[in-house]
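Asks: Residues per chain, in single letters:
There are 2 protein chains.
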Amino acid sequence: MNKNIVTIGGGTGTFVVLSALKNFDFNLSAIVSMCDDGGSTGKLRDDYGVLPPGDIRRSLVALSSATKSLRRLFDFRFKGGELDGHSLGNLFLTALEKTEGTFHKAVATASEVLNVKGRVIPVTLNNVRLQAELENGKVISGETNIDIPKHNPELKIAKVFLRPEARANPEALEAIKKADLVVVGPGDLYTSIVPNFLVGNIAKAVRFSKARKIFVCNLMTKNGETNNFSVVDFVSVLERHLGRDVLNYVLVNSKRPGSIRLKRYAEEKAQLVTLSRDYKNQLNKTEVLKANLLTKSGLIRHDPKKLASQILNLL
Amino acid sequence: MNKNIVTIGGGTGTFVVLSALKNFDFNLSAIVSMCDDGGSTGKLRDDYGVLPPGDIRRSLVALSSATKSLRRLFDFRFKGGELDGHSLGNLFLTALEKTEGTFHKAVATASEVLNVKGRVIPVTLNNVRLQAELENGKVISGETNIDIPKHNPELKIAKVFLRPEARANPEALEAIKKADLVVVGPGDLYTSIVPNFLVGNIAKAVRFSKARKIFVCNLMTKNGETNNFSVVDFVSVLERHLGRDVLNYVLVNSKRPGSIRLKRYAEEKAQLVTLSRDYKNQLNKTEVLKANLLTKSGLIRHDPKKLASQILNLL
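Quick note, the sequences are listed as chains B and R, same order. Using the working numbering, the first residue of the first sequence is number 25, and each one after it goes up by one. Using the working numbering, the first residue of the second sequence is number 25, and each one after it goes up by one.
Looking at chain B on its own, in the form it has when it is part of the complex (with noise of 0.2 Å):
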């Protein structure tokens, strides 16, 4: 029988990762953070009062088995006009939100339509925003703010929270179950990630499953969230919410990319994510899988095959 993986994340880095498992026989599920208010998807919530279409939107891209054509035309973003910004897949979710009468339904009709092979889960049908808690006891509300930033970037997050508070997708919480892998991450730790866990059972659920863990780590810091972060603080981050020990590995970069690859990322005031020396004390259980994970060339990111096959290592 094939096997079930959950992904847990939202953004670029979910996508990766699906890209990565969707040509194998897997039963893949993802679920997706529901905490996006920036943009194209911020300006449908605040008009149309529908639910985060964006993040589901690019899931529902990636495992998509529909023509070339078809995937793109979800991915189009319209450059100018009254629709300037908008991306015709948020477009499409959001009008099937009105007609179906539920998100839940559009992210059905929309699977069907893009002939998806697997589940792309919302992680709740719950109306949130995302807020976060500095270190000063400043409160930033809205995913897209704590993203840009619109705060002091040198003041760490101490804690994010969701209001109202979110109940998980029962579906979610089916396909953690029944998991025989969970892939966590890649992404914006407590913009993409760490929100998932924030929602009613859902760190539970993880913390409960037979499932064996994976948290693939970032390949490079962000500003304003995990400024000089090493690959163990981002552990510690998850299982704050998680638990201890909960992580059974934690898969890590291991290529150096080049200094001219690192400089445009210098300007943004991120830096690569690196295992401090002393890692192996202060991860206890958690197990490090280093490999050369990186795209050859252009932005730092995950390579989808090579991705996969360390993914595959663990079945």
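For the record, the hints were derived by calculation from the structure and aren't laboratory data. Watch out, some of these pointers could steer you wrong.
Identical chains blur together in the list; that is why a pair holds if it fits in one copy or across any two.
Claimed, not checked - No more than 30 Å apart at the CA atoms, straight line, and that leaves these computed lysine-lysine pairs for DSS-like: (1) Lys92 <-> Lys330; (2) Lys122 <-> Lys141; (3) Lys330 <-> Lys314.
None of the values given here were measured: they were computed from a predicted structure.
Using the hints provided, position chain R relative to the given structure of chain B.
Replies: Same frame as chain B, now just chain R:
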């Protein structure tokens, strides 16, 4: 072998004819006018330089064998916000024209998504604007300005023409050539029907086609376009473009709607289209077919089933 039926028009009338015929084993081709420039369609033409999606969308939905969910989605209109008045199907076709590179390919891909039975054929792939010359010599530019109307509705339209001139879509010519039956209308005479015959060799192709040709006459006049028109007046305008006696039949409704249904039309200065007493002298070889074609209640529209049964009689 299945009969080839070609409809020529645009707008709601064509939607009704296609709905009437789609449930039979015909090879249906819908040739659609391409001069709409109002509302959602007009804004998309202005902002993104695309060809008019609105009438094409309606015909695609009419011929769609997709789920009701998907057909409803394509006709969904946003209310309020930035997207106010836009239909999702129009946005879909606009984005597709951008990602596919041509409107032709956009229609092909949308036809696949909507599982269209038959073909929807833009009468031209040129970017044109409809112009109307009134009896006082004044020229009104733009379909929507003629349609509203922005001119004194007492003034008759002397002629309509396209700027720039347009070449016929070869697919349209081919469909007309192979047709067993050509169904013209119903629809706004000068803004939905005649614009098809202004394109390249379309009128000539209809004239020389071996097909029987039937005009489904409008039920009501339209203020500023066809005030006081009788059935013969409609036929005369069409003959001016197609040639005398090219239409074999004109299908005329014989059932008078009740006065309550007529009342709201009176407010829009729309009247019942009637047959003048001496129509036989005026029509020469075009045969008048009279039947009750009316829907039972609501708007004064052709009933798809009644329409289908009359059209089937001709095959």
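Asks: All hints are to be evaluated individually against the structure, with a verdict given for each.
Replies: Comparing the hints with the structure gives:
no.	hint	verdict
1	Lys92 <-> Lys330	within (23 Å within a copy, 42 Å between copies)
2	Lys122 <-> Lys141	both (25 Å within a copy, 27 Å between copies)
3	Lys330 <-> Lys314	within (12 Å within a copy, 73 Å between copies)
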